[in-house]
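Position chain B relative to chain A; hints supplied.
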Amino acid sequence: MFHQGKNLFLSGNEAAAEGVRLCRPQVIAAYPITPQTTLVEKLSEFVANREFPCKYLLVESEHSAMAATMGAAMIGCRVFTATSSQGLLYMCEMLSYVSGSRYPVVLANANRSTATPWNIFGDQRDSVAMRDSGWIQFYTESGQESLDTIIQAYKVAEHPEVSTPVMVNIDGFTLTHTYDLVNIPSQEEVEKFLPPLKTTNKFSLEAPKSLSFTIGPDFHLESRYQQQKAFHAAEDVIARVDDEFAGIFGRKYHGMVEQYRCDDAEHILTVMGSTAGTTRIVVDKLRAAGKKVGMIKVRCLRPFPKKFFAGLGGSCKALGVLDRNISFGYEGALYTEVRAAMLKPGASIRTLNFIAGLGGADISKADLELMFEKLGGIASGQESGQKEFGQEEQEHQYIGLRWS
Amino acid sequence: MAINYKDLSDEELLYGAKTCPGCGAPIAVRLALKILGARTFVCVTASCLGATTTVYPQTSFFVNNAIAAFPATASTIAGMSAAVEMQGLEDVTILGIAGDGGTADIGLQALSGLCERNDNVIFICYDNEAYMNTGIQRSSATPYGAWTTTSPVNETGTAKGETRIRKNLFDIVSAHRVPYCATASTSYPRDFMEKIAKAKNLKGTKFVHVHAPCPTGWGYPSEKTIEYGRLAVETGLWYLAEYENGKVTLNLAPKVFKPVESYLAPQRRFRHLKEEDFKVIEKQRDEEWALLKAKAAS
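Read top to bottom, the protein sequences are chains A and B.
Just so we're aligned: the first sequence equals residues 1 to 404 in our numbering.
Just so we're aligned: the second sequence equals residues 1 to 298 in our numbering.
It cannot be assumed that every hint is accurate.
Restricting the straight-line Cα-Cα distance to at most 20 angstroms, the calculated cross-link-like pairs of lysine to aspartate or glutamate (EDC-like) are [as the list claims (entries may be wrong)]:
#	chain 1	residue 1	chain 2	residue 2
1	A	K202	B	E288
2	A	K209	B	E12
3	B	K255	B	E275
4	A	K229	A	D132
5	A	K317	A	D236
6	A	K198	B	E85
It is worth saying that the hints were derived from the structure and are not from the lab.
Predicted model only: the values in this text are computed from it and were never measured.
With the rest of the complex left out, here is chain A:
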């Protein structure tokens, strides 16, 4: 299955670092935070060994890390930074500066819960909280996908119609600190796929300009509309970049959203991030037992695969959405997105929201089987017409909750 390059046994963070190395950013600015640390450690090693020409700024905070990448982007450099959790929240102000100024910065975020309760382990509350920061958001399933998505991320971010920063979300510990066989493409192939950055969104000594402009009410809507247009353009670009990537490297991630064994599936579970790996196994097992189940893997939270969910139908009778986050006062954030996209008169698909895997809690195969079971339950209840929705199953389910 591997195309070229070499195969190494790497952690998710190391795989991501290899991806960054292959993209040859000229400036990296980063601040350490668990569980991102082994990624930036690897990068310092690469830079120290002069594996690619790069200036690595050892900044004093994540806020400064993002500001420094912005400063370097103004001069036209390809840049990289990585963070996690509190660090991402600390960057929040700068995320908006970078996206509004349309710099193609790539950030790897090791997904981790946000304090308090203080917790260093994985969930997706950090990046979900930054959903509206104006960044494209990818979520990865494996170390391999993390490496590949970083390469794709630069290609998407730097596309002239997109020119928008990209956040690659890698589940903390579950991916960042677990080892797997990872194919590392050759430098030549990556350079063929991703030539050096060309941009006009930078300073010029010949024709000086103002960047990151202040824009008052008179032109503000136009500026924001252009950002929205860039996200719409990104939908196609993400798909095309993934196709082109597959053509060269032989690995395909299906753009913004992947369906796994969904063709005739009646009960489908929607997941985002590393849980997709376990869910595949559970789907295979249940399929072998004759159950018509499938998985939808959301790879991009922004742009959101709205058209895909709007068109969902066919055999699907019950759709579950697994959220490793909660938007307090409402529900899992992905569930809200999926439901909103599906809204149409006479929709017949029943939905359940599963909240699980918070603060690093394991999402086991048994948990996932339980979710499919519940989906089967509401689907058959609906079919038989004997039970009203909500009587037999709560819409929002907290998997593994011991006391409330």
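Here is chain B on its own, set in the frame of chain A:
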């Protein structure tokens, strides 16, 4: 480095800023750019200067420039400096500009990081002694006794303006052992420009803290900016100094200070001060100068 006025370029690289009349900030930046020239990349933080120079679709800068987030002048220029090095751009100056709040308060952490790494930039703090852009709120650079909207004065005497001594940026930055750190004043243009010229020719982090009077926030007629800047130095409430190679040099040490009242009393922000307050301020000044002279002598 001696500056000869007649040799200065007629080219204006900052022109038409929409500041209040008499604002010290564009004086500082215009003079600095006279020395630094067209191959300067400027980064201005959220401040009066940012708000009055670059609002789409207009700009007062004739050099490359960008707005930085309030805490991020130092970190943004650090990135710019790294990028310039990686792109092999030669003979380019990276200039960060922030107000006193953007430097001494919200920008201090990033500034410390910049100085510690010794990134190759010039950082100018233009100091008007309060958050003027947001409407005169107290900063850690607001002098003792000054009225601001958040250090008010009342008739009962429970509020007497600013109660603390200002943060000393010159000491803070020089403690990082940067190659160059200086204080200056827009009322002493030759001294200021000579310091900028010196900074331009040194590698590493150069910091120039320039006193920039503010008629609106301080409450004096707008045509008297230069006069008040001079009075601050002549009364010893501002000083002109340099730190280089571990040595502190005083550029101007008045033998006799003018009475502090001559500077303070006519300003609206100090009009509540009484004789005993002037005495307190004189004492603070004398203590500060004793420390400063000891440093300069060592």
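Checked hints:
no., hint, result
1, A:K202 - B:E288, "violated (45 angstroms)"
2, A:K209 - B:E12, "holds (16 angstroms)"
3, B:K255 - B:E275, "violated (23 angstroms)"
4, A:K229 - A:D132, "holds (15 angstroms)"
5, A:K317 - A:D236, "violated (29 angstroms)"
6, A:K198 - B:E85, "holds (18 angstroms)"
In summary, the numbered hints that this structure violates are 1, 3, 5.
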